[in-house]
Amino acid sequence: MVEELFEREGIFVLGLVFSLIVLMISVGIGAFSRRLTRTLGDYYVAGRSIGALNNGLAMVSLALSLTTFIGLTALIIQGLYVAVAVYAGFTSAFIALLILAAPYLRRHKSFTTMAFISERYYSRNLRIVSVVVMLVVSILYLGGNIKGIGIVFYYLLNVPEAYGILVGGLVVTLYVVMGGMFGVTYNQTFQTIVLIFCLMFPVAIILQQLGADGWAFPPLGYGNMVPDMQEVMPHYFWPMVEHPVTYIGIVLGAFFGIIGLPHFVMRFFTVRDAKEARWSTVITVFLVGLVNTTVYATGFAAVYFMQDKGIYGEVPAAHYDYMVFVLTNALAGEGWLAIAIAGSVAAGLSTVSGLLMIMGAGLIHDLYGSIKPEVDDHKKLRMSYWAMLAVGIGVTIFSLDPPEFILEAIMWSFGIAGASLGVPIVLGIWWKRTTKEGAATGMIVGFLASIIPCFFILIMGMDPTEIPIPVISTYLYGPLGWIKVFALAIPLSFILTVVVSWFTSEPPQEVKKSVDVMHGWEDYQEERYNGLGLPIAVIVFSILIIASLFTLYDTFA
Amino acid sequence: MKDYKLEVWLTVVCFILIVIFGGGISSFFVLGVDIFFEAQEAPADFELGDTLYVVKDYVLGFPLHYFLMVVLSWLGVTVVGIIWSLAMDRLEERQKS
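Chains as they are written, first to last, in this note's numbering: chain A, 1 to 557; chain B, 1 to 97.
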């Protein structure tokens, strides 16, 4: 039974046709956008000309990657309530991005997050450090997404994932290289419309086939199926299988991770002004929430289906990433499967393009620009084309050996970005007293505190409770228990940034003035964003969060 | 109150709300398990321990806590975002004038 469900024979012609249409439109948009690209500003930030609606739609597809389609369903099968809580955190994170960072970064007039860190902390070295961090988190994020493209191509062509990775990776590289940020933005807007349609309609059909009364509105349409689920799986809706600090870890990783992930922040550098940045985020969170709540229904449907067929527990974990297509094929038919696959292609391309953009920009604008500041913009623009091409090819090859669960790599990416980039960005905006020494300490310690456990758990595949870091390993129990790493790394980064800043010299006056400018003030007042309340509150809550990680252990183990 | 202090306090309040709506609420469900669940003795063959937590209340067929998490993390935070953005639009107009 299990083998029958996952078996593919021959080429899936209908799916291939729909996917090729999406691919050709994407390349066409990239080619058209090349005409709009004249300057370095056009290439990196679309000339700062993008409106709120366009930017909001573009950010939706940037957020809703293949992990949404495929990975979240797989994660729900594995983690049940906790997995849904993870995505609840991701959805809310956009408002954290809105109120803590987005409009302020837009007023700062940087091209990239790394440029912001360099200028705010008056340090060329920190720019280089942040580029390194950006490359690490982007590769983690990309590896998961490009694997998803491989899965899609397995369904289209019945070929090994590696071929799909090669084709998908090279296509997206092509349109990013050609069109720059204009191409990326317009493609992401197109892909948002495609993926919302291609996700919600098949899920509605699936729910209808399974007997959901409210199938026409998937986010809240499966309530009548809950009693059946509770009968066979009473723990599906249990939050108490986890220590309560796990959910705080999710929030911290999501909220500060989205601020630290450069490809999200880069979207705000493309809008016309701070007001457009605010409202584009509101549009984004509403649409992202609509899609994510639909995927909660998909995950529920997948578990329900597996229980109903008696195959829950028999399907290998490595196949969970395929379940959304198995479900669509079994319950909605090949026509809807073709549409779902086309939507997946759109979702995958949009996120990969955004990541390639920031990686290319980071290498040329930030890294090369720091080493050779005298190079003119025209030469940087020409080099950017080659950098994008090299990054695209390099990441495609790197992704040929991807992680087992695509969403876990992305969750790690969020947490590491949060601990090393999100913290200095937020404190740099809201507390004038944050110094380069404080930021450097927080960034480096936050990075190490998250990347080292990531290496053991994600890369080496170790059980989180057995990693050779005794101070924390004991407490990483439970489904997705490793998320608690973020409840240590991010507060630690905050504490060190604040404490070291207090003991080092104040930032230069121009830097302090730039904080007022970011908040929209034309004049300068020393007292603004310079009090004791925020840093003290940050330290107190950070200590409380870390302390709670090590308490109540016996209650929840 | 000075405008920048209003900005800071509004942001703090909104941040607390989204922390709760976005994930902190699940911590509350764990710590306040008796509010949402009734603990019963689990069947002998139940693999997850001796206690069965039975949901007390439902909304649209969903367990109350699950419904709250789904709706607040989507619509709740959207409303917070709208309120914050409207307030910041007004502050920006005052700054310009």
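Incorrect hints may have been included.
Claimed, not checked - With a straight-line cut-off of 35 Å between C-alpha atoms, the simulated DSBU-like cross-links for lysine-lysine are:
| hint | chain 1 | residue 1 | chain 2 | residue 2 |
| --- | --- | --- | --- | --- |
| 1 | A | K512 | B | K56 |
| 2 | B | K5 | A | K275 |
| 3 | B | K96 | B | K2 |
| 4 | B | K56 | A | K109 |
| 5 | A | K380 | A | K512 |
| 6 | A | K309 | B | K56 |
| 7 | A | K512 | A | K379 |
| 8 | A | K513 | A | K379 |
| 9 | B | K96 | A | K512 |
| 10 | A | K512 | A | K275 |
| 11 | A | K275 | A | K380 |
| 12 | B | K5 | A | K513 |
| 13 | B | K5 | A | K109 |
| 14 | B | K96 | A | K275 |
| 15 | A | K109 | A | K380 |
Derived by calculation from the structure, the hints in this document are not laboratory data.
Taking the hints in turn, this is what the structure says about them:
1. K512(A) to K56(B): 53 Å, violated
2. K5(B) to K275(A): 20 Å, holds
3. K96(B) to K2(B): 15 Å, holds
4. K56(B) to K109(A): 52 Å, violated
5. K380(A) to K512(A): 30 Å, holds
6. K309(A) to K56(B): Holds, at roughly 29 Å.
7. K512(A) to K379(A): 33 Å, holds
8. K513(A) to K379(A): Cα-Cα ~32 Å, so holds.
9. K96(B) to K512(A): Distance of about 20 Å is within 35 Å: holds.
10. K512(A) to K275(A): 23 Å, holds
11. K275(A) to K380(A): 30 Å, holds
12. K5(B) to K513(A): Distance ~17 Å between K5(B) and K513(A) Cα, so the pair holds.
13. K5(B) to K109(A): 24 Å, holds
14. K96(B) to K275(A): This hinted pair holds, its Cα atoms lying about 13 Å apart.
15. K109(A) to K380(A): 18 Å, holds
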